[in-house]
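Keeping their order, the protein sequence lines are chains A and B.
Under this note's numbering, the first residue of the first sequence carries the number 1, and numbering increases by one thereafter.
Under this note's numbering, the first residue of the second sequence carries the number 1, and numbering increases by one thereafter.
No lab work stands behind these hints, which were simulated from the structure alone.
Please note that the accuracy of each hint is not assured.
Derived DSSO-like pairs (lysine-lysine); straight-line CA-CA distance at most 30 Å [stated by the list, open to error]:
#1 A:Lys69 to B:Lys120
#2 B:Lys204 to A:Lys89
#3 B:Lys341 to B:Lys143
#4 B:Lys213 to B:Lys146
#5 A:Lys76 to B:Lys108
#6 B:Lys108 to A:Lys69
#7 B:Lys216 to B:Lys108
#8 B:Lys199 to A:Lys88
#9 B:Lys56 to B:Lys143
Keep in mind the model is a prediction, meaning the values are calculated, not measured.
What follows is the residue order along each chain.
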Amino acid sequence: MATKTYAGVNIEVNDEGYMTDSSQWTKEVANEIAKEEGIELTDKHFEVIEYIRNKVAAGESLTIRGINKSGVVNAKIFYQLFPGAPLKKATKISGVPKPVSCI
Amino acid sequence: MKKLLILGAGTAGTMMANKMRNNLDRDEWQITIVDQFKTHYYQPGFLFIPFGMYTKSDVVKPKSDFFPTGVKVIYSKIDKIQPEESSVLLDDGVVLKYDYLIVATGCKTAPEEVEGLKDKLWYKDIFDFYTIEGALKLAEHFKTWKGGDLVLNVSELPYKCPVAPLEFVFFADAFFTERGLRDKVNITYVTPMSGAFTKPRAAKALGDLLEEKNIKLISDFTIMQVDNDEKKIVDYGGQEVKFDCLVSIPPNLGDALIERSGMGDDMNFVPTDKHTLRSEKYENIFVIGDAANLPTSKAGSVAHFAAEILEENMMCAIEGRPFTASFDGHANCYIETGYGKGTLIDFNYDTEPLPGSFPFPGVGPFGLLKVSRMNHYGKVLFRWIYWHILLKGKEMPIDSEMQMAGKKL
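So here's chain B without its partners, still in its complex pose:
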């Protein structure tokens, strides 16, 4: 039996297990997937928890619901990959050999990377919402919070779901307005970027939205430390921002096992060919999702589009053919803007988010870089699509390659 080993059973790993089980003969190929946790989190749902829109039960399901039959599942911590020997060492000493390896170990927040972030105010006045624990603690905090300076700080690029921090402040504006507290809450968005977003058109559109909602933007701020006594964040240039409640997007790092395996860059992301999705160094290792160092967003939509490319290229590799699929870095993000409305961006390595309509040119129903009720429904509907279609690796009616039709230059 030949062996395909998948490390990580999050969004990307689960999709690949489903796709590859459909492609590979069960008599010839054994597929094994390894993850230390039994619970699958719908991470896009974390954003909704602090505002009481989702509860924990809306965002968790057992991972086992999403694995196809005929895939061996191992729940274990992983010690390291031994790429020279085509094997993986698990924590309990078990060695798994592979013919092909898919690394889908994702990334996670590392608050300990910023001095003073995970200190005495952590989960008292300082929160994250990229973990289930943080999102739930923040929900509790907001229930009784009387107002003050609410500061959202992005520590460092890249981080998962680049639009989530913006959605957070848009939601906060609506949430405190609805509770009659908005005049007591000053919302500030503090980012290391030069504007609300990286690319010019989206930065302008999203920056205008911040202004419209009376949210202050502080850009080019690279956090050095959190001062817990004076309740302020300080950047390397000496800029200071005071807070009563700090919501932090901590640095996002690749899994520590990547570092233990000597396979990562300085943030533990695996150097990966951005078009073929193969490891730059090892011919029988492929990387998908947040674990890769691809110059695009770390987001489920990217993993989803990349999965279709990887499925095709893995089959090319296995059958000894040249790669026929090339990933373009396609990302597609619904952005909640509060009050039951949303906007949408669609982009790739080379094309910045542009205005227009999606997925059908001129028709939509979704509007790109436009605020509409329909875009909000797109995001709401997506949770159902995620659980029922996407994770199971089924076809979606959206091209994995970004389309220019419907976009206005």
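Next up, chain A with everything else stripped away, as it sits in the complex:
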């Protein structure tokens, strides 16, 4: 376990850089984590982030399929907003755990 300073606040993160205490999350923190990922957050990003934080708070799992059906964005836009590995990046910026893929 480590701490990192985002927006002047000490934030607890795990060794992959995911926040371990979701309640420490603020929009300012999100902006700074996003910068590290090379992403400049827009309103659309924050709509997705809100959806992700709500899903996680409700104990539901996150999938590309779920996001595609969410009505917030479709999968293609989701990839454009968080290029590369969108679920991993989006959850990191949203201050929630990295989704576990169970197979």
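Model the placement of chain B on the given structure of chain A, informed by the hints.
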């Protein structure tokens, strides 16, 4: 008479029919099992068909061979479960009431979920091997195939038997080598995961095997569509992979009846307590096998270990006692690596696949995350065990709970 109703007579449902018939008094309990099909498929055997190692007759038997006496069997499509009324509606309008229901309706491939997958190249240059039809078509195709880009694509998680696609490419490497074609066949493994497998140790070991066998790995690829004209698969991020022969693991969805019953998540899997195996919503409904949304592999071994837990917990429920058994998500998978060898992984909800020996610590005879001839024999032997011991719900000499002894951290 009290009524136990089992939906689905695949691996999990058949095992439960056998186990519960042994437990429940025949004068007090009527057990009914419903399935639309009369044929039982040994699904782990499908993998061997494209390479001519098994034929259709190796993987099919009548379901009726495996039902115990004293269980009523109904061959019918199921319209829906009406959980509020503790009843099930069959396609022909018949209503079956139950005191307890076991949902074992499994999951199946849904190629229509990916744009362009089930299109003009389907069963010409694009195949699946998770259905008997696909496996047989692919076997025909490979008999005369001259080589090119062979691409294995996993569409989406979760899917049945998580190691089968890896075994497929390992077999393909050996198959085309033996036919003197390997230099004309480029094999690529394309997956939405970040590596060859989910968990670090297994991902490393299996990733090394891919490299050793000159199989290219493309990870973090979530398929958006298949372009039939240019013969390529495209992901949401714009990545493209060309193919001459595409072998697809289509999305796996729970049965449509789960959706019709309003009981599923967005992939039609039934939300299930991962330890007790009871439906999260209904006290007299239990879920086993691929139909459940458990965070573990969709595989026969999981259904088998879960069946022992469910047997105990169903008896607790029926007799009004607190649940005494807790499922740990145990999975145990033999992985064929080609040339008569195999490897083995053993894991659960909390413990990733680790190296070591199985089932006897230090002795084996099977090696975990090691490639050996013995592991291959384990898989070959398993088909016999499946037909003769497992489906009939008999005891196996392997603990349903995963054991740490023999594993190296």
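**Request:** Please write out, lowest number first, the hints stated earlier that are contradicted by the structure.
**Result:** none
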